[in-house]
Every structure is written in structure tokens, then in C-alpha cells.
Amino acid sequence: MRLLVIEDDPLLLRSLAANLREENYAVDTAVNGEDGLFKATSIDYDCIILDGMLPVLDGWELLSRLRKTKSTPVLMLTARDAVPDRVCGLDNGADDYLTKPFDGEELLARIRALIRRSSGQATNLIHIGQALIDTAARSVSLRGETIPLTPREYALVEYLTRHLGSVVSRSELYEHLFDEDDDTLSNLLDVHVSNVRKKLGADFISTRRGHGYAIDPPN
Amino acid sequence: MPPVQNLLHSVRWRLQLWHALILMGVITVLCILAYRLAADDKRERIDRELTSFERAFIRQIFERSNRGSPGEKPPSSNRLRQLMQDMDAAADFPLEMRDLFDPTAVDSTYLAFWDGSGNILFQSANAPRNLTFPPAPPQDQEYSTRLQDSRRELIRNGPRGLRGVVGRDISADMAELHKLAWQISLAGALLWLLGLVGGWWLAGRVIHPINVISQTATRIAGGNVSERIDVTTADDELGRLSHVLNDTFDRLEGAIERQRQFTADASHELRTPLTVILSETSRGLKRERTAEEYQDILTTCSLAGTRMRSLVESLLILARQDGNDHPMPDPGPCDLNQILSEAIRLLQPLANERGIQLASRLEDTACAGDARALSMVAVNLISNAIHHQPHQGSVTVHLRTSFGNAILEVMDTGPGIAADHLPHIFDRFYRVDPSRQANGGHGLGLAIAKAIVTNHGGTIEVESIPGEGSTFRVTIPRT
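Listed in order, the protein sequences are those of chains A and B.
At position 19 of the first sequence (counting the first as 1) the number is 19 in my numbering, and the numbers step up by one without a gap.
At position 476 of the second sequence (counting the first as 1) the number is 476 in my numbering, and the numbers step up by one without a gap.
Quick caveat, the hints were computed from the structure, so don't treat them as lab data.
Even for Gly, the Cβ is constructed at its ideal location relative to N, Cα and C.
Heads up, some of the hints might be wrong.
Only part of the chain B face toward chain A is listed, based on derived beta-carbon distances under 7 angstroms [as the list claims (entries may be wrong)]:
#1 His268
#2 Thr272
#3 Leu274
#4 Thr275
#5 Leu278
#6 Thr300
#7 Ala304
Could you put together the complete structure from these sequences and hints?
Below, the structure written as C-alpha cells:
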């Protein structure tokens, strides 16, 4: 899952990014509206965390411009909790908002909820054959037994699960699993796929040669 | 029905009470006057009637005495006595005098005459039985009057010691007067009631706008500060009062709005570092970490805390400058030259770090004021100039005296300030560039400088040419 955090306060930006990376999200950052809008339009993020007060281009303006091309879920952070500010954000296309100061756990839960809703799922538990994926606990179990996965492996499984039955291209996987600071070696993805297959079964992820990977829904 | 004490607390009721009392007094006096006039008039008329009746009677007697010998002088006293004692028939008298000889005509005018020694000469038949010899009227008066058993009697000293009484029962006239008194009282009471109703209506009309003002003011005090008194009345006292109150409410609303905005801004500024602290601590507590990671988290928290402290300090300074109690806690002679030298010395390292040349031209200038506050103005302006320009720029501080004012100018060679920002540059939390990272400031430095300068009775202004630089000029009276 790849997120974009747009926040002009360097301290808060650093703290948010560190918090999210520890939750195994791939995190990109932007310190002003212009930079943020450029990244938000050029990359398909799973969720954008957007501060309202931004230099160059404020959050509400950025949102209304972004919505012309993208429907990425957006969580707005705002220091102003007056009702008009919140209404303005939601009307401009924000999917949720949080008022500063907020609880770190609440932010994470809201991000999970936004990603879940945008992929059309109602709960955090997804059954695929014998496997159970818990997106809240970020864990995968097979026949009731928890399978230890590395954060990247889990992210790969979760992303493919969110696009159950459809083929996800390698470039799309790269885009969503690695952030702008990662050195993306071309075969790193193959290593992760092969590790997942070892842990969850060889046919858990199927390869569509020339197209990408997919997790097929149970019959 | 509210108790009387409460009624007296109402202007309308007090007005009404005074109005009723005064009106009652005036009407009572007028009624008494009217009654007295009517009564006097009645008495005079009766007296006149009696007098003319007596004269007519005397004339009749004279005519009878002269009948035999016309042209003669008035009859002598004995002759007169004789004439009166002889009178017993009505036939010779005109109609209006015939009652004199009718004992049953008790309501008519009667006559009686005595000689000087009190012997009765003539008493008309209709005279009351208890008629007595009257006392002589006072020397200097032609006649005197007396009231006996509802009879009005006129006593007159006649010629040659003769004393006469002419009188009549006036109970009918008294009854008439009585009736008049009742009528006047009734009319007065009606007039009083009419006046009360009119007064009540008038007082209500006068009080109504005051009630409207009071109700509106109550609603405003209740929190609806945008409401205003409806000024429809003409330019009278209440209209002017309404205008004054509305102006006051305008200023009050402005002050409340500014205060609200200021509080919202302050809380907004405090929320971000607070979020950092909460976010970092919750991250740190989530799992066991290495010492470096903890150090990193603590450093971030410390930075956020420092920022909050600086903001809170600035807010406190502003609050102190805003408080009217002690705008200048320590007014005394201030050596501006020394204050500025100190500020420049303090900021020199920052200027060096940013590669900015810091120059000064300071004349010996002193003014009365709070040295610590003025030093804050200098530091704020100079550090502002250093922060808002690229490397290799220069900042010039110029202190001089002109027309009894100390003038401090801080000139920079920065990018300048666009014209649309200039009017707001001293507003609290106003930033030309809303980016927080552009400088460490929180948008209060210039607002603090302005508050301090204003409290010193001075002015602060800014001139700026975009692309060339800005000049902040502080003018403080020297005394």
C-alpha cells in the first residue's frame, strides 16, 4: 500500500511518515501543495493524507484540482475544526477528515478504512480458500495458523487480495509496494512472490506471463 | 399584580403617579376656584336683590307720604314712623311686594324696621317669628350681612336712627350651589380620569422605545451580538441614544470577532506541535526501540515543545500589551542606542550564519519607555529582516532623532512585500507566505512590535518595493 503525505510542517511530516512506514506502508511525502498535486496526479496512491493549510496551493484547492483526474481516497488533516471548514473539505472531495491533534491509532484505522472502502470491501477479514487475510491486524493465516510474512510480502498479498481475480501488472505492483526512496531492483518483486508461494502454497499467486500476477477468487 | 415596590421601580408607573398627583392638585384648585366664584357671584346677586327690594319699598313709602303734598322733602322721622306703623294692606303695593303682607309666603323677601332704641316699627307679615333686633353694622360700612337659619339678611342703618333688615330664605340657592359643587366635583373627577388615561398612553409612548432598546440590549447580552437596535425614531434623545448604543455594539462585536479569530489562530498554531508530540510519543510507546530511535523521537518532541513555548511566550507578551492595566510595566529613560547595539550584537551570529551583512548607523537617542519591550521590537524587526531575505543580502539599522521623535528604520534588501499583503502585515498570525517552514516564526513578531510601539504612543509603518527590499520605520515620541 503506497501513501502520500502532504504536510508543510517538517516535524509533523517526519513523524507521520515514520509512523506510517512502521505500519509497512510505502510513504511518499510533499511539503507544499504544488509538489503534492504533482505527485498525487502522477502516481496512483492508495490513500493521500492531506493537510488543509499548505503553502503555494492550499489543501482544499489541491483537492478540487486533483478530483478532476483522480478519485484516490483522501484523508484531510485540519487544525480548524469549525463546521464550515470540515464541510468545505468534504464537499471538495475529501473522503474523511481528522482534526489536529489526533490520535495516531485513529489515523491508522481511518487510513485502513479508506483503503478498504475504495477496494469495495466491507470488512477487514478476507477469506481466500483456506487462507484468511486480516487487514486490520495485517496478518495472514492458513487453516487457522498464522503465517509469518515480512511487511513487503504482506503488502503484496494484501494488494493482490484487494484486486481479487484481476491481473495486476508488475509496474503497478512496484508503484504500490515501494515508495520513492526505495531502490527498486527489477527482480525484487519475483523474490517476494516466490517467498509468498513457499509460505501459502504454490498456487496462491498465479502468474499471467507477460501481464502480471493475480490471486484467483475461490471457486 | 406586582407589589407596589416593584411598580415604583417602573419609570412608567412613577411617571403615572406624579402625573396623577399633579393633575389632581391642579384640578382640585381649579374646582375650588370655580365654586368660590359661583358662590360669591350668587351671594352678591342676592345682596343686590335685597338692596334693590328695600330701596323699592322705601321709595313706595316715600311716594305714599308725598301723595298728599307732591314735591315735598322726604318725610320727617316721626312721619315715617307713623307711615310704617300704619302699613297693613297689600293693595297699594306692586305685585312683587304683596308677599310682604302674606304670612304664608315664607320663601319670599321680608322686611323689618326698628327705631334707634329697638322698638319695632314695621315687620312684614312673612318675616320669621324669631327675627330679632340686629346689631348695628360697623361704623365705616353702609350695611352688614348675617346668616340666620338659612336666611340671608342685610342690615342697614336708615335715616334718623332707623335700622332695617331685609332678608330672604336662601335654602333654594344653597341647594343650587350644592348641586353646582357636585357637578364641578364630578367634572373634575372625569377630567382627572381622562388625564390619567392620556398620561398612561403618553408615558407608554415615551417608554416604548426604551423598552425596545432594553429588549434588544438584553438579547445582545444573551449572546446574539450581531443584533442591532432598530433606529426608526427621529433624531431625538432616544434616537441618538440608539445610535450611540449601536456604535458601541459594533465596536463590541468587532472586538469579540477579533478575539475569536485570535483564539482560533492561536489554538491552530498550538495544534500542530501538539499533534507532533502526541504522534511521536504514541509511535515510541508502540514497541521496544533502540536508543537512537528513542533519541530521535525525544528530539522531535523537544523541538515541538520549544515551538509551543515560543508561541505561548509570544501570546503572553501580546496579552500583556493588550491589557490596559500596565501597558508599560517599567517606563523609564531608555537609551535606544544601547538597546539597538545590544540587539545587533545578539543577532550578529544569525546574520553571519545566513551570510547577511548587518550594518548600523546609530545616533545617540533616548526616549521614555520600557527598555525590555523596546528591545523586543528591535530584535523582532532585525531578525525578521534577516530571515526574509536570501543569502548575501544586507540589513541596515538606522536610528535618528527628528522633530522630538526617535526614529528607528530597519531596511533590508529582500524580495519585498507585495502591495496586497502590506495592509495586513501587522495583523496577528498573518503570514505573507503561509508556509510555516519559511522561517521559524509563528506570525506574531510584527504584531507584538506594533502592540509595543502603540503602547509607547508611537507608530510603526512599512514601505516596500517588490524586488528591492522593505523598510520598517518605528517612530516613538522622546518624552
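**Message:** Output the indices of the hints that this structure fails to meet, ascending.
**Reply:** none
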